[in-house]
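Sequences and hints are given; from them, build the entire structure.
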Amino acid sequence: MSDLTALLEKYSKPGPRYTSYPTAPYFHPGFTEQDWRAELAASQDPSRGLSLYFHIPFCDTLCYYCGCNMVATGDYAKATSYLDYLEKEMATVAAMADPARQVEQLHWGGGTPTYLKPAEIRRLGQAIRQQFKIADGAEMGCEVDPRELTPEHFAALREVGFNRLSMGVQDLDARVQKAVNRIQPAALIDQVYAWAREYGFGSINMDLIVGLPHQTVESFGKTLDQVLIWSPDRLAVFSYAHVPWLKKHQKLIDETALPNFATRLQLQQLIYDRLGAAGYVNIGLDHFAKPTDEMVKAQVSKTLWRNFQGYTTHKHCDIYAFGASAISQTPEVYLQNEKNVKAYQAKVQATGLAVERGLRLSRDDQIRRDAITKVMCDLELDQAEFEKRWGVNFGDYFADALADLEPIQADGLVRLESGRIAVTDKGRLFLRNIAMCFDAYLRQADTEKPRYSRTV
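Going left to right, the sequence shown walks through residues 1 to 456 as UniProt numbering numbers them.
It should be emphasised that the hints constitute simulated quantities derived from the structure, not laboratory data.
Each residue gets a CB set at the ideal place from its N, CA and C atoms; glycine is no exception.
Heads up, some of the hints might be wrong.
[To be verified] Straight-line distance between alpha carbons at most 35 Å, and here's what the computed DSBU-like set of lysine-lysine pairs gives:
1) Lys10 to Lys222
2) Lys133 to Lys10
3) Lys315 to Lys342
4) Lys78 to Lys133
5) Lys339 to Lys248
6) Lys315 to Lys178
7) Lys247 to Lys339
[What the hints assert, rightly or not] Cβ-Cβ distance ranges computed for the label pairs, FRET-style:
8) Gln130 to Ser81: 18 to 28 Å
9) Leu416 to Ala6: 15 to 25 Å
10) Glu152 to Ala187: 15 to 25 Å
11) Arg158 to Ala278: 45 to 55 Å
12) Gly137 to Leu62: 30 to 40 Å
13) Pro407 to Ile183: 39 to 49 Å
14) Ala155 to Ala440: 43 to 53 Å
15) Leu416 to Lys315: 17 to 27 Å
16) Ala399 to Gln126: 46 to 56 Å
17) Pro407 to Asn340: 38 to 48 Å
18) Lys388 to Glu9: 38 to 48 Å
19) Pro407 to Ala187: 22 to 32 Å
20) Arg158 to Gly412: 39 to 49 Å
21) Lys315 to Pro185: 36 to 46 Å
Dropping the structure here:
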């Protein structure tokens with residue numbers, strides 16, 4: 001444990017989670033609505049499916065740890081009005097899309113999508129089906145807040161076609177919940193989980209967070225005890241990112257109550273030990289799934305992909321994202337909407353779109369994104385295969401990266417052998433650090449406050 005502690009101390013530094021490359025801080029307002037319209041027209045490849053994302057930013061209450069783009073409000077009229085703009089934006093994009101392209105994946109995130117009442121869930125679901133063709137067997141997932149769910153919500157979600165849920169559990173300890181302003185007893189989640197199974201949701205993910213105030217190894221062990229009784233299909237165990245300079249409401253958290261470095265290390269070890277012993281397979285960064293899960297199969301077959309929604313099995317899809325702050329993606333472009341809800345609505349009202357900033361990837365960006373994706377998803381990179389795909393000499397192109405990987409190899413986190421870079425079991429905790437070696441943007445001088453949370 002002492003060796004691992006030393007490594008964690010050595011490699012704990014601000015770094016991206018690589019849900020994109022280049023990462024969102026490098027998107028710029030020089031990429032305009034006209035650029036996005038041109039990209040939509042030029043990128044209608046019928047062989048590529050579609051993944052649709054809808055951002056519902058509203059929540060009843062503010063969770064102090066939240067790092068998402070959200071609005072806490074008790075004024076439900078804001079949500080019903082917001083749907084008007086979602087529908088207008090969606091119609092604008094759908095009019096430029098090839099109607100033959102099918103939606104293979106649909107996700108609602110937030111905020112809290114189930115802030116919407118059942119009638120509005122049905123309304124948005126019907127609007128989507130009017131504009132886009134949903135493929136048979138499409139993966140349709142929704143993030144849910146256990147505190148706001150009723151059987152009527154589940155009925156509406158199933159009517160729309162949802163077959164997956166992602167449930168925010170975070171931590172079951174009462175003291176921790178009070179400290180982060182998210183009170184949800186285990187009995188409540190137990191009832192909601194039972195409803196979800198009763199209504200036929202085939203895949204349920206639970207989110208947990210490590211590093212919250214007052215968390216201890218003992219208390220989080222009890223949370224894991226209960227979670228393993230529920231036995232969700234997937235688990236996402238995120239490390240709390242305390243970035244009050246980016247998320248002002250995190251100042252409401254008592255920093256003196258946050259677990260120290262040694263405790264966070266013990267918590268990380270507890271997660272890997274307990275979930276591994278329970279039969280869950282570690283998928284890349286912070287994700288775990290049962291061995292029969294398609295995400296595990298995708299990692300084995302090297303078809304796993306990573307985007308703004310995390311890990312996905314839908315690699316060959318363009319993402320059309322709707323709502324405030326939502327990020328769309330084609331093979332060569334990232335596009336982000338206005339983050340402020342009022343600004344988003346004003347732009348949609350004016351033009352049907354809400355472009356705030358974006359980025360067209362250079363060839364170097366695409367090459368480096370591929371390398372980073374291989375590390376984050378496959379946990380290995382075959383240099384000969386990479387050279388064939390991109391027409392570059394790997395050793396020359398990534399000379400700096402290979403030099404940076406040498407000390408990481410010396411620490412036993414990667415193996416560099418026979419034209420192959422492979423992440424070791426010990427190195428899984430340090431995936432972000434390994435991927436950072438291929439990031440050209442991090443080599444640029446930056447004296448601003450950190451843009452990212454710490455890697456470990």
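Verification of the supplied hints:
1. Lys10 to Lys222: Measuring from Cα to Cα gives roughly 30 Å; hence the hint holds.
2. Lys133 to Lys10: Violated. Lys133 to Lys10 sits at ~50 Å, over the 35 Å cutoff.
3. Lys315 to Lys342: OK: Lys315 and Lys342 at ~33 Å, within 35 Å.
4. Lys78 to Lys133: holds (28 Å)
5. Lys339 to Lys248: holds (15 Å)
6. Lys315 to Lys178: Since the Cα atoms of Lys315 and Lys178 sit roughly 39 Å apart, the hinted pair is violated (cutoff 35 Å).
7. Lys247 to Lys339: Distance ~13 Å between Lys247 and Lys339 Cα, so the pair holds.
8. Gln130 to Ser81: 18 to 28 Å: holds (20 Å)
9. Leu416 to Ala6: 15 to 25 Å: holds (22 Å)
10. Glu152 to Ala187: 15 to 25 Å: holds (20 Å)
11. Arg158 to Ala278: 45 to 55 Å: violated (28 Å)
12. Gly137 to Leu62: 30 to 40 Å: holds (37 Å)
13. Pro407 to Ile183: 39 to 49 Å: At 45 Å between Cβs, range holds.
14. Ala155 to Ala440: 43 to 53 Å: With Cβ atoms ~49 Å apart, the hint holds.
15. Leu416 to Lys315: 17 to 27 Å: For Lys315 against Leu416, whose Cβ atoms are near 26 Å apart, the range 17 to 27 Å holds.
16. Ala399 to Gln126: 46 to 56 Å: At 55 Å between Cβs, range holds.
17. Pro407 to Asn340: 38 to 48 Å: holds (43 Å)
18. Lys388 to Glu9: 38 to 48 Å: Cβ of Lys388 to Cβ of Glu9: about 39 Å, so the range 38 to 48 Å holds.
19. Pro407 to Ala187: 22 to 32 Å: violated (49 Å)
20. Arg158 to Gly412: 39 to 49 Å: The hinted range 39 to 49 Å holds for Arg158 and Gly412, with Cβ atoms some 48 Å apart.
21. Lys315 to Pro185: 36 to 46 Å: holds (39 Å)
When each numbered hint is compared with the structure, violations occur for hints 2, 6, 11, 19.
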